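Peer 1: Could you build the full structure based on these sequences and the hints that come with them?
Going line by line, the protein sequences match chains A and B.
Position one of the first sequence corresponds to residue 0 (numbering that gives the first Met the number 0), numbered consecutively onward.
Position one of the second sequence corresponds to residue 0 (numbering that gives the first Met the number 0), numbered consecutively onward.
What the hints contain is simulated information worked out from the structure, not anything from laboratory work.
Treat the hints with care, as some may be off.
Since the list gives no way to pick one copy over another, a pair counts as held whenever it fits inside one copy or between any two copies.
When the alpha-carbon atoms are kept at most 25 Å apart in a straight line, the in silico SDA-like pairs for lysine to any residue are as follows [unchecked claim]:
no. : residue 1 : residue 2
1   : Lys56     : Ala9
2   : Lys195    : Phe80
3   : Lys29     : Leu104
4   : Lys29     : Asp78
5   : Lys29     : Ala91
6   : Lys111    : Thr146
7   : Lys56     : Gln6
These numbers were taken from a predicted model, which means no experiment stands behind them.
Protein chains: 2
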Amino acid sequence: MPTRLEQQIAFILEIDRLKTVLRQTVLTDKSRHENTAEHSWHLAMMALVLAEHANEKPDLMRVLKMALIHDIVEIDAGDTFCYDEVGYEDKAEREQRAADRLFSLLPENQGKEFRTLWEEFELGVSQDARFAAGLDRLQPVLLNLATDGYSWQKHGIAREQIVARNELMADGSQPLWDHVTGLLDEAVASGMIPEKRPPARN
Amino acid sequence: MPTRLEQQIAFILEIDRLKTVLRQTVLTDKSRHENTAEHSWHLAMMALVLAEHANEKPDLMRVLKMALIHDIVEIDAGDTFCYDEVGYEDKAEREQRAADRLFSLLPENQGKEFRTLWEEFELGVSQDARFAAGLDRLQPVLLNLATDGYSWQKHGIAREQIVARNELMADGSQPLWDHVTGLLDEAVASGMIPEKRPPARN
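Peer 2: Shown next, in the form of structure tokens:
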């Protein structure tokens, strides 16, 4: 039987693999795609810096924990691009299986705590979860804006799609969402992104 | 004048560059070197998982903040390999200049908080700082042990050097240091690393 510490170290080594899961966004210097581990660090930093803009004063420890663990399931389930409608069909099932395996590597009380926090984040059932989820939308928007709309342009994404995908940010922070819509207006005005999707041809 | 939110977003975009600072350690799959942003995420996860092993019950929020920000200065100052004696000569000066520039991007109260936490971590002047610094030593040791001693072998590092470099881990957590010395004994027994440095020839 592994000791409690041995279980914890096995989990710590297993989650190292999150560093190899690539996202659609690129770094601000456009040198490469971002991976999910460094994205999670960035998100935790954003929680520290931006907490004052939450609609309700958040429990920062809970928000930080959610930011750090929210994407660990991607080790097994992979990253699903947020504008990929087909990939979203079985996303929940793939991620539940991943959560079963990964969090059960930990001692039972810790695995249960992380699993509960992850589900709270996914379901957005608390103000802390909605604020954390809002930051999770804000982070790739900021990276896209800083890279001339890199992944938006690559996939032909228009402002109306970005708004539809990200407007739940307002449930966590109205001030952050107001700021983002202003930045998106500027992105349309500068020609970075179109306002609307072009009509489908056939 | 930038607004408070604009200052915060400028900082968030600037620290994206931490993802491009490479360390000597490699990922557990040995596919590439680790960068400092994902290392910081890994460290924050270790703080969550291993807090119960601290010599004194830590203030987890403070430990998490230190884990997240402790290496931000490397954006300007670069990563100094922990067995590089020459690189250590001007490390403190380079990092102070980096802290001056980077933390001053933030609104003053936040920049001051991060700067103070970073100095507390660097100086190891509290139990929280010593626990965080101990985890910062443990993380590359675990990655090295999981990769057949990759960076130790590359640089010809012996057990006695690893012990000299990392034994301050015991100031933060005696149980973690005891566990590590056991793992290092096994690494010597298996031939992964030598016990002592070979005598210098000339």
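Peer 1: Now, for every hint given, state plainly whether the structure supports it.
Peer 2: How the hints compare with the structure:
In this assembly of identical chains, the alpha carbons of Lys56 and Ala9 lie at most 25 Å apart only when taken from different copies (23 Å versus 35 Å within one copy). For the identical chains of this complex, Lys195 and Phe80 are intra-copy neighbours only, at 20 Å inside a copy versus 50 Å across copies, given an alpha-carbon limit of 25 Å. In this assembly of identical chains, the alpha carbons of Lys29 and Leu104 lie at most 25 Å apart only when taken from different copies (22 Å versus 35 Å within one copy). In this assembly of identical chains, the alpha carbons of Lys29 and Asp78 lie at most 25 Å apart whether taken from the same copy (19 Å) or from different copies (21 Å).
Taking identical chains as interchangeable, the C-alpha atoms of Lys29 and Ala91 are never at most 25 Å apart, the minima being 30 Å within one chain and 30 Å between chains. Within a single copy, Lys111 and Thr146 get their C-alpha atoms no closer than 39 Å, and across copies no closer than 29 Å, so neither meets the 25 Å cut-off. In the homo-oligomer, the alpha carbons of Lys56 and Gln6 lie at most 25 Å apart only across protomers (21 Å), although the nearest pairing inside one protomer, at 35 Å, exceeds that limit.
In the structure shown, a violation is registered for the earlier hints numbered 5 and 6, in ascending order.
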